[in-house]
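Can you make the complete structure from the sequences, with help from the hints?
Protein chains in written order, with my numbering: chain A, 1 to 478; chain B, 1 to 478.
Hints in this document: simulated from the structure, not taken from any laboratory.
Everything numeric in this text was worked out from a predicted model, so none of it was measured.
The beta carbon of each residue, even a glycine, is placed where N, CA and C say it ideally should be.
Treat each hint with caution, since some may be false.
A few chain A positions that, by computed beta-carbon distances, are all more than 12 Å from chain B [to be verified]:
no., residue
1, V81
2, T85
3, E206
4, L277
5, A278
6, G282
7, A378
Here are some of the chain B residues that sit facing chain A, going by a computed Cβ distance under 10 Å [as the list claims (entries may be wrong)]:
no., residue
8, T85
9, V168
10, A227
11, S231
12, A234
13, T247
14, S248
15, P256
16, V259
17, T261
18, D275
19, I280
20, A376
21, G384
22, V387
23, L413
There are 2 protein chains.
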Amino acid sequence: MSAGPSPVADLLVAPEAVITVGAPTLDEAVAAQGVPTVPVEWRPPPADSAAAVAEVTADGRLAQANRTAINRMAAIRPRLVDVGTAAELVGIGPHQLLHAGPPVDWGAASGPLRGAIIGACLYEGWGDTPEAAERLAASGGVELSPCHHHASVGPMAGIVSPSMPMWVLDGGDGRTSHSTLNEGLGKVLRYGAFGDAVTERLRWMERVLGPILASGLRRHGPIDVGALIASMVAMGDEGHNRNRAGTSLLVRALAPDLVRTVDDGAGNRAGDVADVLAFIDGNDHFLLNVVMGAAKLVADAGAGVPGSSVVVAMARNGTDFGIRVAGTGGRWFTAPAAVPDGLYLGGFGPDDANPDIGDSAITETVGLGGFAMAGAPAIVQLVGGDVGDALGWTELMYEVTLAEHPTWTLPALGFRGVPFGIDVLRVVRTGVVPIINTGIAGRVAGTGQVGAGLVRPPLGCFTAALAALAESAGAGAR
Amino acid sequence: MSAGPSPVADLLVAPEAVITVGAPTLDEAVAAQGVPTVPVEWRPPPADSAAAVAEVTADGRLAQANRTAINRMAAIRPRLVDVGTAAELVGIGPHQLLHAGPPVDWGAASGPLRGAIIGACLYEGWGDTPEAAERLAASGGVELSPCHHHASVGPMAGIVSPSMPMWVLDGGDGRTSHSTLNEGLGKVLRYGAFGDAVTERLRWMERVLGPILASGLRRHGPIDVGALIASMVAMGDEGHNRNRAGTSLLVRALAPDLVRTVDDGAGNRAGDVADVLAFIDGNDHFLLNVVMGAAKLVADAGAGVPGSSVVVAMARNGTDFGIRVAGTGGRWFTAPAAVPDGLYLGGFGPDDANPDIGDSAITETVGLGGFAMAGAPAIVQLVGGDVGDALGWTELMYEVTLAEHPTWTLPALGFRGVPFGIDVLRVVRTGVVPIINTGIAGRVAGTGQVGAGLVRPPLGCFTAALAALAESAGAGAR
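So, in structure tokens, the structure goes:
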């Protein structure tokens, strides 16, 4: 997929070290002999994974396959290049919707996903009332497909309908990705809300926001999102639940060209351009979807490397958590999603929370979000915990990743790169599952956001993936 | 100056603690008894300050006077309200200039200050050539006065001429402050450069930038700069040499109303508004002058409190460093300025550096800049040192300050407020002088910026101020 020699040195992959699992005395004894150690939370691998751990560890392809996957991922320099509609970009048509996470049908869909499906039907005019929209969807009248199967990602419910504007990102390797435009907070479609206010906002986004962003961005030329992410992780953003610096940097970069479209052939109205700038200013999360699109390009670059145990997607549909791994193709390994643990908006509590939902864990898949919280200590005011926890989560994630990103560095950790390249083998061997920070949707369709917090994927996704890798190792190149 | 009871609790002032000066054994012994200790760098007070230390320490007014000064400072909520010209706002006229730092005349002025004076004369049309401008200034034909004497501040040379646009900030207590608009980096007036490019940029700022910002800001209404500073110190800015987040947040806030002036009565051209947005986007330091104006309001709020040992100004004119103290009125205590220690731009080195210059140390005077580097670890790439140093400087500054700012908090230090309220007495007693991070001007007039680094004021400013406080204590209220 990449032309010519990889620009990323093999040194990216952490040197061999002794992973000391268990009582600290073991770690101390090994470290005292000058051997690099990685002390980890003590959890023995599940008994039924022991054979898979042994099989994959012994797979002669493993080290080189992981180097290949990670170097391909680290070499991607995503650029924001355009805005178009989902119909044009993804090719979906009437009565077709994309959704977040692994495949799911209406029957298994959670409240917020159902709410967003209803909202999208109302917005597209496929139903006049919520009841009519629900009947249509429940009777199989709407075809559902994961965003991830269409080079796309969407936060929370992740619903994409044909008329919606989408960002276009370019990976520099012939691939593009797409993501929706962020609607803001509160009662918005992606959190499962529907109704007139939601529909009206989506129509304004389609009629004004998308076209103006498209004309301004074309005038400006591609924006280097890799560099933007490098800047924002040095400015207190982790790219998942904190995108305040990144959103501000995007506005700065685009604003002059947005304004120049008033006088050029695009002929945008100054008042509409001002409305676009005000809409973005009102939403610190506006950049999230762009970061997700960039992360999708980075993660996908690692996909399809036989023998590699690197995770290339983590996504949730509100019912199940699913992961994909470099060495196991397009297959999803799923298990029931957990409910996040976090802080709730006024009037809501844990009983109102839906299980984990959204494609946004693609940010953690590439070392951002929960993995980069050491650089975003202020995030604890949103998701709970204290500043020590934020540092601790990043430190812990180095234990289940194989490398550090070469340019997304954390000043607070002496400019160390974010933990990059989640290794299914390390996750199962140590029992340390990734940390994800996330918004929390109300479990009842139509509620909207109820909070934000931290959540960890079920270990079952990783043990299942490891078992599949072990099979391929047995059948494979040895 | 403040109406009604102070909104800031007395608790702001740090509880009494034992300052342990000298060998660590002393500190350990005191701490072991459960007494709060503040261990400090070991430097005995200069022998000739011993009497002044005793006198001021014994001044019965000290504790309450310092509380008053600090509470007044902490209560200020600076707001950005307008842009006008120096002629209107400060009342300076032909052949009058303001400059940074304590008073200085042409004969004592350093290269960059002379260069900026020459550049301002050319810009105002008071001379046709640099030589003519220099002759005019050298013969006493230009009246010089410190910015600080006119409720104003200017970075580096700090030259303000009548036609220049200036920000207007409102302290909410009946006072306003003013600062110039930031020109960008490289060969710019404030670093002592002059000539056609400098003049042309200043004329554009006067003709386009100032009026457009004024109309946009009036449309928008006041911007809460206190809140902006709180946001930026949580986003990796320290407000002196790193203003990237703050500049971005300002653009976001103002952009919609700047664009709306295209259609409203102001009748600005869209192309000019775009140029303004592009100019700001090109300069991460654009907000610096706004932060300085805000800091001036905060610091001045503490001035004029008899018996208080709180520093209310630190400023340099390129020759001398000067400070003012709450208990000693408008008097400057000066000593020769040091040359900063830092990193140099390509082709320049320490031999090219002018001594410390500019009013920008008003940021450190209120706990920003060098005092807030713990929140801006990426700054070390500009000024030198490592991330541990950045944390260490902030920690050290808590030893010479009396309080922590109530809203400018550092997530990296568990949301502790920045060190606030520099105490002359503590500085002299411990020998720990403030840390300032700063741009470095070329010492030859016309050079421009040569680097950035760290610098500390001469202790002599503080011993002289303490001696004056001791006199007032002897003559005063005891």
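Hint check:
| no. | hint | verdict |
| --- | --- | --- |
| 1 | V81 | holds (19 Å) |
| 2 | T85 | holds (25 Å) |
| 3 | E206 | holds (20 Å) |
| 4 | L277 | violated (4 Å) |
| 5 | A278 | violated (4 Å) |
| 6 | G282 | violated (9 Å) |
| 7 | A378 | violated (4 Å) |
| 8 | T85 | violated (25 Å) |
| 9 | V168 | violated (23 Å) |
| 10 | A227 | violated (13 Å) |
| 11 | S231 | holds (8 Å) |
| 12 | A234 | holds (5 Å) |
| 13 | T247 | holds (8 Å) |
| 14 | S248 | holds (3 Å) |
| 15 | P256 | holds (4 Å) |
| 16 | V259 | holds (4 Å) |
| 17 | T261 | holds (9 Å) |
| 18 | D275 | holds (7 Å) |
| 19 | I280 | holds (7 Å) |
| 20 | A376 | holds (8 Å) |
| 21 | G384 | violated (14 Å) |
| 22 | V387 | holds (5 Å) |
| 23 | L413 | holds (8 Å) |
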